[in-house]
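Student: Chain by chain, the residues:
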Amino acid sequence: MDPVTLAVVRGALEQIADEMDLHLIHAAISPIISETNDCAHGIFDAETGETIAQGRFGLPVFLANMQFTVQNLIEHVRGHGGFQPGDTWILNDPYRCGTHLQDVVLIAPHFVDGELFALLASTGHWMDIGGSVPGGWAPQAQDIHTEGMLIPPVKLYDGGKLNEGLVAMFTTNVRLPSQIEGDLFAMANVFTVGRRGLDALINRYGRETLSACVREMIDRSETQMRSYIEEIPDGTYHYEDFLDNDGIEDKPIKVKLALTVDGSSMHFDFTGSDPAAKGPLNLARSTTQSTCFIALKHIFADVPVNGGAFRPTTFTIPDGSIISAAYPSPVSGYLEPIGRVFDVVIGALAQAIPERTPAPAFGTVGVVTVGGRQPETGSYFVAVFPYPGGYGGHFRGDGLVNGTPPVSMANFMSIEMSEHRYPLQFDEFAIREDSGGAGKYRGGCGTQYRFRARSECVVSALGDRMDHVPFGIAGGKGAAPSRVRLELGGKDVALPMRSKFEKQKLLKEDTLSAASPGGGGFGNPLERDTDAIERDLNLGYISPKSARETYGAVVTETALKSGRKRYKVDRAATDALRARSEQLARAS
Amino acid sequence: MVRQEHACILLRNFIRRTARNRQEAEENVALVGIDVGGTFTDLFYSTDGINADRICKVPSTPHDPSDGLVNALVTAEVPKNDLELILHGTTIATNALIERQGARTALVTTKGFRDVLELGRRDRPHFYGLTGLQDPLIPRDRRFEVTERLNHTGEVLVDLDEVEVRRVGEAIKEEDVEAVVISLLHSYANPEHEQRIAAILAEIGPDWEIVTSSSVIREYYEFERTSTAAVQAYLQPLITRYSHNLLSRLKDWGFERQTLVMQSNGGLVPAPQLPSRAAHVVRSGPAAGVTAAARIAAEAGFDRAITGDMGGTSFDVAVVIDGEPEISPSTNLDFRVPLRLSMINVHTIGAGGGSIAWVDRGGILQVGPKSAKARPGPVCFGHGGTEPTVTDANLVLSRINAEDPIGLTNLKRLDVEGARAAMKRLGDKIGLGIEDTAEAILAVVNQNMAGRTRLLSIERGYDPRDFALVIFGGAGPLHGAAIVREVGIKTMLVPPSPGVLCAMGCVVADLRYDISRTVARATASLDAGELAQMLDEQEQEGAEKIRSQSVSVKSIATRHFAEMAYVGQIHTLRVPIEHGWDAERISQAFEEAYRHEYGNTLGDIPSTVVSLRTVVEGVREHKQRDLPVPKEIPAPEPVATRQVHFGRWHDTAIHDRATLEPGMIVQGPAIIEQADTTTVIEPNMTARVDAYGNLLVELV
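Protein sequences, first through last, are from chains A and B. Counting with the working numbering, you get residues 1 to 588 for the letters of the first sequence. Counting with the working numbering, you get residues 589 to 1288 for the letters of the second sequence.
Hints may contain errors.
[Claimed, not checked] Some chain B residues flagged as far from chain A (calculated, every beta-carbon gap over 10 Å):
| hint | residue |
| --- | --- |
| 1 | Glu1027 |
| 2 | Ala1116 |
| 3 | Phe1149 |
[To be verified] Simulated restraints, written as ranges between beta carbons of each label pair:
| hint | chain 1 | residue 1 | chain 2 | residue 2 | range |
| --- | --- | --- | --- | --- | --- |
| 4 | B | Pro650 | A | Ser211 | 50 to 58 Å |
| 5 | B | Val1141 | A | Arg356 | 53 to 61 Å |
| 6 | B | His935 | A | His145 | 40 to 48 Å |
| 7 | A | Tyr380 | B | Asp747 | 32 to 40 Å |
[Claimed, not checked] Cross-link-like lysine to aspartate or glutamate pairs, in silico, EDC-like; alpha carbons within 20 Å at most:
| hint | chain 1 | residue 1 | chain 2 | residue 2 |
| --- | --- | --- | --- | --- |
| 8 | B | Lys961 | B | Glu975 |
| 9 | B | Lys1017 | A | Glu509 |
| 10 | B | Lys699 | A | Glu509 |
These are computed hints drawn from the structure, not numbers from a lab. Predicted model only: the values in this text are computed from it and were never measured. Ideal placement from N, C-alpha and C gives every residue a C-beta, glycine not left out.
Work the whole structure out from these sequences, hints included.
Tutor: Written out as structure tokens, the structure is:
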């Protein structure tokens, strides 16, 4: 293979996928796509469904999951007349697509001289999908039908002809018909961009050369992935972690991993994970796999995103478990088990390569959804606020404050823009002090916010990590647990599932407060640099109590004229105190 | 980003004088444009406001940039008596920000929201990788809160607690700050609380530079507005000192007439106004380059141009439509430091002369974004670089002259053997010979640049074949031919002085103010009178700013735009509108713009006007050149011939740019050398010198 052509073709294919991402991000109506990039695009092998290229602007959660969705569709279409020119298929069946009903996937074949050359796919998050809860996050759903409209693989366009009945079905069954219709057609238009790019490449290099390049570049990615895995010491690494509950039954749910590294191959064995949840915290098998890749990609960021990178890994995911969701299990809370799958991979890798593995991030997406009618116009609104939280400390430094979940790139809404759009008023959006896990390198702080209703609405929350906090690694401590409070008529409301509740009615002036965990700590907090502790105290990232009790620091405080406090950490006294407590620890 | 242009294709300190008709020159106003970059300070002196009489390049002096500036004036022997205007671009603001060398600043916000500046909008520094931190311009212990609250219409929900404001003022005093930012929720809708706090704090700290967010931008999005105001306050004391120092240095040198400074929006601002415009000059240099390129392209008859500036570490590309550079409403200066001000939309990728070629673990050749920078630099500089760069590839292929290294003050010749050895080490990994490896490096870096260029044009709904590529920067003209070939652009334009184009950009620019405010209402709800009044207010504000200065302008030009979207959309489209239009006419204009951008409209979904924007320009007296197309004449004898590699070794004519006159035609393959750059004319391409001295290069 001519190395110049190979390099140029790979760059060109990645660019086509990027262009598809950008096109939808700019054209979509829903803020969740246009502002938080909740979408993904790719080009796939028409026979094997392997990823040829995936856009770099879409969300990581769709990283490998797009490939599995395409492979599932290829299987289905084989029995339904095969792909024909002008077809566009649509589906959101989460057992085939891997996430939740809101993520709708369009897949279109690309033909060259009458022959099928590749498949193009577009995934976009719809702001509403019908179902019992506006927005689709249904904390008390016990089956998929409660969560919304299930779309099996069907043709949206059949030989270029739009199935208008299907569009009417969608728009009639969602709360935001014009938004959804706008997003649907924006997604369908993306394929024009993909086709134009592929045709230009075929004109330039010819079909044969292009196909050969694609095969070669997927093989090369496999080589690259294997070279990284070879750097991880061989062995089997175990880790387990828990979800607090599934929103229906108040008992913890286990996710268990045995990760085996053998030369340049990896095996992820989830045997021992708990059975499917009654509530909506189930995760489809393909997204369990995808999440493992995302964790690897965060650690080995240079690996290209195509099918070759996925080849060196194998999986055992027990049927009927919480991480291989099957009909009719509800899945709308899938972001929570994703967090746990991500963190057990981190927990296992931290044993093998602690110098490359950061402690876990806040680990819960804690989606708060507010729905109701605009007081002025009477039209429906749906507002979605996902948690921002802290990132874990790592071998070289402290964790980030207010990160986005590792599987996402989604932003938090602007407060002012939210107050423009929704009848809500925010009282606070702040750093949550003392919420990062202590360590030689501290976890970043989580955040806290509170809003009040300006008119009647309903609010739902789907979070986790109250009972089982983000853990520390290499001697670091866990972070603060998450917290959600509802104040109705000035009184705290008891929330039996704590972080999960559905459609609580808020009247004017009722409030919701949410506080997210920070990231886990890295390394022993007694080894933390005293200057860093002093800075953390003065910035209010940690409390004097933590400085003394967790970090073993000797703290003095002085009050300024204004009454504000300034802290000093006495280095010599701290060293002496830490040495004494170490001696005591050894003696006992 | 800190500008580190020409890190590899460095220029010797040089002065070039252009012989022109003195008599003609004397009727005109003499001007000097000076661009102070990270590495070099470039000067462009013109006695008629467009033609170069002298250009010069001297090292920048980061400890006090005015040293280098005055040094350039002295080196070029600019006659100060006839000099009317000094026009100036600077990287001082960008550098201070990136290196966090700005003022010690405090922030006052609405109670509950002091952390907004640090929290941002929930993100991370890199798409993949979970490490990295932000470094807020104002740390948490200098951020204060006061009790007050407005809603989104500007209505007061909670009165301002002035007693508390005074307490906060006393606390700020303990922090020994130079500047204070006041940023309250919804202040864009009602700035009164911010203004009241500013007044109280001015009594407590009369030396503080106080900045209210609503005075910097009248737009919603609290994080972006607070950050923009923080950038302004963080830079204001520094820029104030700089501006005073600069004017006094120029006075010492003997110049007391007007000095204007280039802003990121491509317009000039008088130096005395600079302090209040500190946040507006962060992209001064790149904006100047695009402005010059736009002017040159328009004059040469190209109303659509893509401008490409390739230096040592990066390739900056921008789009110009009908002579107007495309404007972006915001940019990120650093992780979680957004700046929401109008600026020329310059896209940067890590592709420059110093970009390093490497083979990834899958065995695929990659170029950049890692750069050898100025030190150690490319292998051929002999400063200890071992990894092959784009410059080494150009040398191995003999595209650049080893015996006459451009811009290396301490080097007689480039190390060809070293570059070839590095090329061989790389080539062995991918099974290519030395020259083929060098060609492969150029193929990859050219594709990276062509890809970005394509993305800019096609994705904005334009056909790249309708554009000319104006290529400049030390390394640009080496690669422009390949970029036009890849993208399918018909013409590459190489201006007469591509190495000092940013300095020229200062000379040809106009005064400019962008004024905007958030409206955030359904288009249908706006009546024509209300719209006209808002536009009038903005127009008057801009015109007032221009009139209040003693800069002579020929006329004031005003343009209005509406930032619009379909209800629910986040991304807006900038739609040109006219004073007097009603809602229906504006909706229609939006639909046309939307169809152009996305190929269709969204039917019956209503639109909103998110904000109204007015651009007010003080148009300076510019010399209009309208020269006839010159008669074709043969090229002069080449100054030399050497073997240059284009797929294979070709006997290639080497021309001196100074010998090329309007109408001359040069057939490729050819190399055209000049003091500030080298231009490659590929085989099957022809270069023609137009009436203005530009090289126009096209495929045969």
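Student: Determine which of the earlier numbered hints do not hold for this structure and return their numbers in increasing order.
Tutor: 1 and 9
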